[in-house]
Every structure is written in C-alpha cells, then in structure tokens.
Amino acid sequence: MLNPDLKLNPKLFDQDVEVKPTRHGYGDGLVELGEQNPNVVALTADLAESTQAHRFAEKFPDRFFQCGVAEQNMAAIAAGLGVSGKIPFMSSYATFSPGKNWETIRTTIIYNQSNVKIAGHHSGIVTGPDGATHQATEDIAITRCWPWIKVFVPCDYFEGKKATIASANFEGPAYLRFTRDKTPIMTTEQTPYEMGKISTFWVSDNPKAVIFGTGHMLYYALVAASELEKEGTNVLVANVATIKPLDGQTIIDLVGKTGAAVTVEDHQVEGGLGGAIAEFLGKNKPAPMEFIGLQDTFAESGKPKELIEKYGMGKEAIKQAIKKVIARK
Amino acid sequence: MIEELHDDKLKDLELKANQIRQLIIESLVEAGSGHSAGPLGMTDIFTAFYFHILNHDPKNPDWEDRDRLVLSNGHICPVRYAAMALSGYFPIEELKTLRKLNSRLQGHPHRSALPGVETTSGPLGEGISQAIGMALAAKLDNKKHHIYCIASDGEQQEGNTWEAVMFAAKYKINNLTLVIDRNNIQIDGFTENIMPLEPFRAKYEAFNWKVFEVDGHNIKMFVDAIREARSVFEKPTAIIAHTTPGKGVDFMENRFEWHGMPPDTQDVKGAPPKGQQTKKALDELRTLQGKIVSEHQ
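Line by line, the protein sequences are chains A and B. Counting from 1, one number per residue, gives the positions in the first sequence under the numbering used here. Counting from 1, one number per residue, gives the positions in the second sequence under the numbering used here.
Be careful, since some hints might not be right.
Taking lysine-lysine and the DSS-like style, the derived pairs with C-alpha atoms no more than 27 angstroms apart in a straight line are [stated by the list, open to error]:
#1 A:K59 - B:K143
#2 B:K203 - B:K170
#3 A:K59 - B:K172
#4 A:K20 - A:K257
#5 A:K285 - A:K197
#6 B:K11 - B:K274
#7 A:K100 - B:K274
#8 A:K59 - B:K139
#9 A:K208 - A:K285
#10 B:K170 - A:K100
#11 B:K100 - B:K274
#12 B:K144 - B:K59
#13 A:K197 - A:K244
#14 A:K208 - A:K257
#15 A:K285 - A:K319
#16 B:K170 - A:K59
#17 B:K279 - B:K96
#18 B:K170 - B:K210
Listed below are several chain B residues computed to face chain A (Cβ distance under 10 angstroms; list not exhaustive) [to be verified]:
#19 G133
#20 A164
#21 Y171
Keep in mind that the hints were calculated from the coordinates and are not lab data. For every residue, glycine included, the Cβ atom is placed at its ideal position computed from N, Cα and C.
Input sequences plus hints: build the corresponding full structure.
As structure tokens, this is what we get:
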C-alpha cells in the first residue's frame, strides 16, 4: 500500500489522476526563490517559456539574462555570477545543457566551485514527438560523475518545486532534471521532502524485492507494485529523488529486507540510477539486480506512452523484471 | 581612477617586468614543463596590471571591492603567478612549486587552490563569459569595481568567445575591459595559418565593441589605452595588444615552438643546445633594461 506516513496523492491510482509537468515545479519554485532572495538570478538560452523561466523573467526582469542560443556562454556567465555572490539558475534542454556545454560546466562551474544550479529540461523519452535529438537520456550519467555536485530528479510537479527550492539552500553546484510531458502527481504539498533521502512510497509485508525508481517513472513502478500485490507478490517501491549524494543507508536497509532490486528510470541504463545503485551495492551489499530504462539505444518520435511501451519501460516490463530478479535470488 | 603613468614609475615598472621574466623562466625550468612564449610576451601587461592598474590588496585577496582580473587563456599562468608573488600575494619562493604535487600553483590556474586567482581556466574561450558574469553581478549590486579579462588570440577560434562577444554588446557591459594578446602564435603554428583571425579588429567592431590597438610591450601606451577604455560608457571595450611571443629572449621571440615548453627540455632549431638554453635566456634578460621600450617606440 501507499506509505501512509508520506501523505501521498490519494487519487494516485485513479484513471483521471492529475497530471502536470515537473518543469512547472521549476517555474513556480524559481519565482518563490526570487521573492525570498534578491541574489537569485536566472538565465536561459532561448528557451524561457519551455523551461518555465519566463515566469521569473516577468517578475524580475533585471535579474533575468536571455543568452540566445548559446549554452556554453550561458554556463560560463552563470559561473561568473555564481562566484560573485549570486545564485544563478540556468535552464535549457538537457541535451544542450549539460550536454553540449559539458566541459564548460565542468571547468567553470564544478571545478571552479561556483554556486550555479543547472536545470536540464526535456529529459527522458517522454519528451516524445520531438524525437531522440531532444530526449535527454544520458544527463544523469554525465552529471553524477562530477565531484561535488548534487543531482536531483524530482518525480512530479510538487517534488520539482521542492527540489528547486532545496537546491538554493546550499552553496555549490546542483543539477535538476525536469520533464516536458504532463506526468502523474504522486505526492502532495504536505509530502515530506529532504535532499539526499530515499523515501519508500510503497510498503508491504514480507516484500520479495525493492524497486528503486526515479523521476516520473516512479508512477509505473507504483502501478506495477500494486498489481503485483494483487497477484501475490509483495514488493517495496522507493523514490530516489536525489541521485547524488546517494542515500546508501536506506539502500542497504531496503535491499537487506528484500534481497533483490530493480531500478526504473527514463534514462540509459548505463550510468544513471541503475548504474549508481549497482556501484553502491557491488561495494556494500551485492544482490541480484534488473534494470529498466533505455537498453543501449536511442528512442524516436512518438507519444510518451507509446514510447514507454515500445522501449520496454512500462508496468508490464517492470513486473517481468521483478519476477526475474526474485527468481535469481 | 587609474593614474597617468609618469616616467619615474615607468622605469620602476620596467625593472619589475624584467624581474618577472626572470621568475617565469626560473619557475618553468624548475617545473620541467609549461608554456614559455605566452607568459614572456604578456609580462609587460601583467606588470602594468599588478603594479599600476588594478585596485587590489595582495594581503586581502578576497576583498569584495577589488578589481577582478580574469585570465581566460590559463596556460600563461606562470606570468600571473610571478606577478602575484612579486606584488605580495605569496612568497616568491613558492614559485618553485609550480606544477608540482601539493602546490597551490596548478599547471593551469585553479580558483580554489590559490586566493587571488579569480577563475579556474585552461580550456579556452571561457574567460570572457565568466568576466561578463562578474560584471553583471557588480552592476546588480551597484559596485564600482572593474572587471578585466585577458584572452589569447588563438582562443578567438572558439565559438564560445563570439557568444560572449555578442552577449556583452547586447547588455552594454561597460564595466568590463577585454585585453587580447595578439601574438600571432598558437600551439600548432601561426594563427593566420591554423585558422585566420584577420580582419580581427573589424570583427570586434562589427560586433559593436569599441576597440583600441596598442604595442603590448609599451607599458605607458597600454596604461593610456586602459584609461581611455575605462571612459567609454556606451559599449564594451577591447584592447588588442600586439605582443612578441617569448619577448626578452632572442631565441624564443616569434617562435611558436616555444608556445608549450620551457627551456632545456628539447633542442630547437635556432636556439642554443639543450642544457644551455636556461643560462642563455637569463643572460639575455639581464641586458634587457630599456630595450623593450625603445624598439617599439
């Protein structure tokens, strides 16, 4: 059942569950930060509305910098602002930023220890009809390998807003991952949120495996878990909202209880959430694992739900992975 | 306000430049690797910055109202380190740790390693943008300090450079002065062979910058150009400083072979044999006083 302590959305499993893009959480969080702190500034590279930075721009025009289609320049300007007492939030599509400008970020923001928050939008294959050029499916891998950065992957609108606000509460670089498509609201405003903590959204007696999900894919994991329970297989579903730092203690606890793990992400299975958990378990608590995500391929144009099915990332694929991982114990 | 440079101060700066060239050669030889030509070519300009232009406090490198000097082409950092040491940021003795384990003097400069280094740099084309970020922050905070950025000519080939140049013109970043080291060499050869930059001045003017051109070894001329650039209100300013790579060491001057290595690591055509290069370079420097000014005037 849904963890009663977390005040999750009671209508989560309804047919007409409310949907909203996580990027709206970015826009709302950014405006709230702008009101609270005059040092918060925002930059974008010709994607103000798409990344929802336009809302900040309308309210605080003097603190907003439109860089044009120039992601490297945006990153290095943000770096200069960030070492000068500002808290810059820079947004673009994740394939371009932190994709195209990866080295610029590495040198001028990360190694330079500048207080910049990098918002990567249009992540995952749920970017849909735009096609694989615009579907960021490597961004977790290329950000979490940087020293010192914190990597946030919010699961829904509310968490998107909370993660945005949380990222301003520490000094140093952060990566925030957002999606374009409207995705189900799983949490509520009251759901506790703590950076660097994994929380168990689905609890059950005598669980046989744990699903570690991140981002909007957590919804498919929860649907799979609820169906599996009706079919007699109990599992846990944990929300990994922060990929770095990784909440190792909770991973050990949950794998200790279940003895097997499935990771679920809208990202290449190499280097993302699955990679992060496999690295951790390999060192600390080896256990059988299965990986849901893009399997060494690019996706294509299509509707988000069609793509999730075609690329083997939907609830049926998750259920199969659970059965497989339990059989391997 | 930057004061006009008078003759007695000029003499003093020329002596300092000579000292800095010596420290550059000694620290590079001690390191056994690093770039020679660029640092020697930019010595007169760094001398002007650290001993006349910058409003700074070497004993308080994080002073909020200091002028910022951003070095975009980080590989010429031996000249920055030498100028910083000589002006009191750290003991001159520490220059011997350049490029060595546990040193604050990283092979390419790192902000967190050494107070007074404004940015981490090395990868090219990123300095102007960072300087713009600092300039925007100063404007937002109503601060009066000025941002200077030193860039190389080779890194003008980076797309990021022109992204920054466009942005600065759009936002009329007038609290930033860019100094471009036009020494015509890069690692693989002469810039005009590798990827031509000319007509160079016209490019910046077409991007709506105010451009000055100076002899980068004439300290007086450079200070005058900085003073004039500071008075421009309506647009960003760039000073193209024509320099001689390897300046001060005859066998290095204008030879791109010396872009990326110190004396006595290789035999180079037209230079003394390996093993005698350091001594020859230092000997030449000792006779340098006054020479740099007269030959360019």
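Verification of the supplied hints:
no.: 1; hint: A:K59 - B:K143; result: 23 angstroms, holds
no.: 2; hint: B:K203 - B:K170; result: 16 angstroms, holds
no.: 3; hint: A:K59 - B:K172; result: 22 angstroms, holds
no.: 4; hint: A:K20 - A:K257; result: 34 angstroms, violated
no.: 5; hint: A:K285 - A:K197; result: 19 angstroms, holds
no.: 6; hint: B:K11 - B:K274; result: 34 angstroms, violated
no.: 7; hint: A:K100 - B:K274; result: 43 angstroms, violated
no.: 8; hint: A:K59 - B:K139; result: 19 angstroms, holds
no.: 9; hint: A:K208 - A:K285; result: 16 angstroms, holds
no.: 10; hint: B:K170 - A:K100; result: 23 angstroms, holds
no.: 11; hint: B:K100 - B:K274; result: 22 angstroms, holds
no.: 12; hint: B:K144 - B:K59; result: 21 angstroms, holds
no.: 13; hint: A:K197 - A:K244; result: 10 angstroms, holds
no.: 14; hint: A:K208 - A:K257; result: 8 angstroms, holds
no.: 15; hint: A:K285 - A:K319; result: 23 angstroms, holds
no.: 16; hint: B:K170 - A:K59; result: 21 angstroms, holds
no.: 17; hint: B:K279 - B:K96; result: 17 angstroms, holds
no.: 18; hint: B:K170 - B:K210; result: 13 angstroms, holds
no.: 19; hint: G133; result: 2 angstroms, holds
no.: 20; hint: A164; result: 5 angstroms, holds
no.: 21; hint: Y171; result: 8 angstroms, holds
In terms of the numbered hints stated before, the structure departs from hints 4, 6, 7, listed from lowest to highest.
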